[in-house]
Amino acid sequence: MTEPLLQLDGLSVSYRTRRGPVPAVVDVSLRLNRGESLGLVGESGCGKSTIAFAIMRWLAGRGQIVGGRVLFEGRDMAGISREELRRIRGKRIAMVFQEAMSALNPCLTIGAQLTEVLKFHENVVGPGAERRAKDMLAEVRIPDPDRVFRAFPHEISGGQQQRVVIAMALLANPALLLLDEPTTGLDVTVEASVVRLIAEISRRFGTSLLYISHNLALISRVCERIAVMYAGEIVEEGPTRRILTAPIHPYTRGLIRCLPESGADKIARPLSPIPGQIPAPWERAAGCFFQPRCGYARDGLCDASHPPLIGYGKGSTVRCLRASEIEPGRIDAVAGEAPPAADGVAVSVDRLSKDYRLTPPGLRGLLPFADPLRIRANDHLTFNAASGRTLAIVGESGCGKSTFARVLTGLERATGGRIEVAGTDLAQLSVIDRSREQLRALQMVFQNPDETLNPSYRVGRQIARVASRLLGLGRRERAQRVRDLFAEIRLPAGIADRKPRHLSGGQKQRIAIARAFVGNPEIVVADEPVSALDVSVRAAVTQLLMEIQRAHGTTLILISHDLALVRYVADTVVVMYLGQVMEVGTTSQVFSAPHHPYTEALLAAQPKLEDDRGLHAPVEGETPSPLDPPQGCPFHTRCPRKVGTICEISRPSEQVTPAGHRMACHIPMDELVRAQERATT
Amino acid sequence: MARLIAQRLFNSAVSIALVSIALFLIFELSPETVAADALGQYSTREQRDLWLAANGYFEPMHVRFLDWVRRCVTGEFGQSRLYNRPVSDVLGPRLAASATLAALFFSVLIPLSLGLGIAAGMREGSMLDRGISFASILTTSVPPFASAVLLTAIFVFWLGLLPGTSSMVDGFRWKELILPAAVLLLYDFGYLARITRASMADVMQTAYIRTAALKGLPDWWIIFRHALRNALIPPFTVIMLQINWLIGGVVVVEFFFAYKGFGSLILEASLTHDLFLLQACTAVSVLLAVGTQTIADIGYGLLNPRIRVAAAK
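Protein sequence lines correspond, in order, to chains A and B. The first sequence stops at residue 693 when you use my numbering, and every number in between is there. The second sequence stops at residue 1482 when you use my numbering, and every number in between is there.
Don't read these hints as lab results, they were simulated from the structure. Any given hint could turn out to be false.
Stated by the list, open to error - On the chain A side, residues computed to face chain B include the following (Cβ under 8 Å):
| no. | residue |
| --- | --- |
| 1 | Glu111 |
| 2 | Ala115 |
| 3 | Leu116 |
| 4 | Glu128 |
As the list claims (entries may be wrong) - Covered by chain A, per the in silico footprint, the following chain B stretches (three or more residues, Cβ under 8 Å):
| no. | segment |
| --- | --- |
| 5 | 1370 to 1377 |
| 6 | 1390 to 1399 |
Note that beta-carbon positions come from the ideal geometry of N, C-alpha and C, so glycine has one too.
Can you build the whole structure from these sequences, using the hints too?
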């Protein structure tokens, strides 16, 4: 057997805290051969990023390797000198971080940050370094390497920033690439192309990958082997195919069940979250760490002794005492019930437009009467939201979906058109002009609960305050309302006395949902309500949102870029691109052919577990600037089904089927059906 | 960048124009008081009217404003009652004296405080960091009048190394500047050092410093190339704000050492109702404040490329 490139030998890492040492990683052993790619998957806080930093010997602050070894190319990383370590970092092992924007120095040009790698690792400077850096930018598919080389990080898009970080990591041709959630925060289409790039590059350069993510679907697209981590330990490891099709450990099964399956909707197969949440290191259970959340746990066995990692067939290991008893494979969830029929329209949007004005750049902007630039963020939107149902608005960043939410909730005033809610036009009514009743009836859940909740107040008090403002409740009624809501969001009432920083991300978002539902609103707008959360928590919060909605008959307007989520939750879907509506239909209409070519591209970009056809190309390129939108059909610059010049010249009129499926495309719907069905078979 | 500079210069021109109108109006509101101040409290009403007419106070307001602006620009601020000399003759040397003190102060303060602050911030929590933080708190908590007494006691009365007053009666001597500058330094270096330390410590925690380290760059390169420029933005702000304070606000130190600076001149002018002198001093202070703020804004643009974009938007 050849020597592995990287070997972790019983690695244990602890953090020193006031509670004493906290074990973050416990006895982890992994092998990664040259040219191999290994995925490390698990919920936030399971210790996967700590492993990456331990490999790099960058346990800043209080982290410490308390046991085991990291062997890189046969050498113990703990024994090498600082100077040798510096030579390995960036040259032999490179790392790609999450949130590229903060990983790049805002004050230095991209070029400066790329060429310094060559300067210190290969002693190449000047034009030679510049040429190599630009070549690498071209390798990671940056369309204009010369411009990007001179640009500052904030001058390029998020997808390009991530490509730059990848280029930076590959510049010195490392043997091992560590990727820590490299696509967090990117749009699905961009995410798909970045993941494709990573897979392609590792193949071409022969780079080994250690890919860390909480998203099993993404990892499965790149990695040959997957290791699943839970509470600092590896609970299952094996070839990707086996893990996906025949998972053994109950936790792996749970992770897979959290992922929306393509082709299923909320009635056929509801999301089934893993109950509970990952324990803090000092709260880990006796026996098996996962046993309190495990549906297979047996008293007297699983809580009695800690399971060892045992071999399971060829190349697989699993840490479960009941591994030989439980049938490998996925568990099918119970089908849910169909919602009651809709009656009436809750929100009626009619040719709604919203323009933003910008001061023109250059010295002209200094003139007081300079003609302002206009950005059409919403361009004649027309659709209805049925009452008691869920309407989803999907599209990439910058498509205007959040702008619509801001207009609907009164944070912005529309430039034209109407939004009718309960017989009143809200388009021009800003939030300070709305009556208490109007405010109560229309509430919002935001993407990031940290920006919704005031960090200085206990969460119960924040909800009570909303109850007094919107409902005018007295002290005792308020307390009762808070208790009821906590029961509804399934949080122990004791949490009401905590401040937001003592809660987990999922708990905070539950509180934010409770806050929105305090006044029993008729309509709730949720802007990316789960995209900041872990996959497993996402499922639970989504489920909760749907249950509360069903219980109260609330109309939910869901804004999301996650099509899989939308398919699960929504009854009606609106697809937006560059401020315009591309397609409107029921969920089954939008998710089955004919699709608008843009919808088709979004669907192709979704990470799927079942996708065995490899990495196919969805759309390339990025959304054009809304300052200078394309003429004709806005999507023609990226459209893989572009017919010809007609797409560039004239804006397509809307095709409508008798069933109410609407789509703005020059290709007739029946032709689209034929083409798309051919593509999938 | 050109756009940022043009914008900032335009903004400062507007603020100067607004302040000059306000300043002019203060003296317009009650010409009676001005005349009384000029002629003394025992002057008669007729005398005051004659004085006002002679000084053009009965002209239309806009004519008088333009005339006032013209005189300000050419340095004719009128006659100081206190010194019985043209205001500009009094003002010039005082400003020069304050500027000299400020220059000496900054030439020591900036290397000292930035150096200590960066060293402390690079390794948060180290012995060096704690030592510097402790010394800064200790020195900043001693007010200048107390440290002036202390330093005088040591260097003038006990060691006899330095002169106790700094009135420069025998012409300019560097030796006389040392004590006033030392008192200010002792009071101020800790403040700037702590600002720099906090900013540097923040920068060292950022993801881009981690990226730089994991790219295998040497420590000195990470500090000088990646950390410093980002870390210098807050201390730069503080330094720019302190120019105003040093020129006009260090009255205690100027009085203690009998140093003829600009701060003590403003105090004298306001205590003696020397209106023309006061008006000139205020104009100079405003000009100074607006000027340093403009430089600070342009400096931010140089230090932080994101601000250039924000300005262009």
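Right, here's what the structure says about each hint:
no., hint, result
1, Glu111, "holds, 7 Å"
2, Ala115, "holds, 5 Å"
3, Leu116, "holds, 6 Å"
4, Glu128, "holds, 6 Å"
5, 1370 to 1377, "holds (count 3)"
6, 1390 to 1399, "holds (count 5)"
The structure meets every hint from the earlier list without exception.
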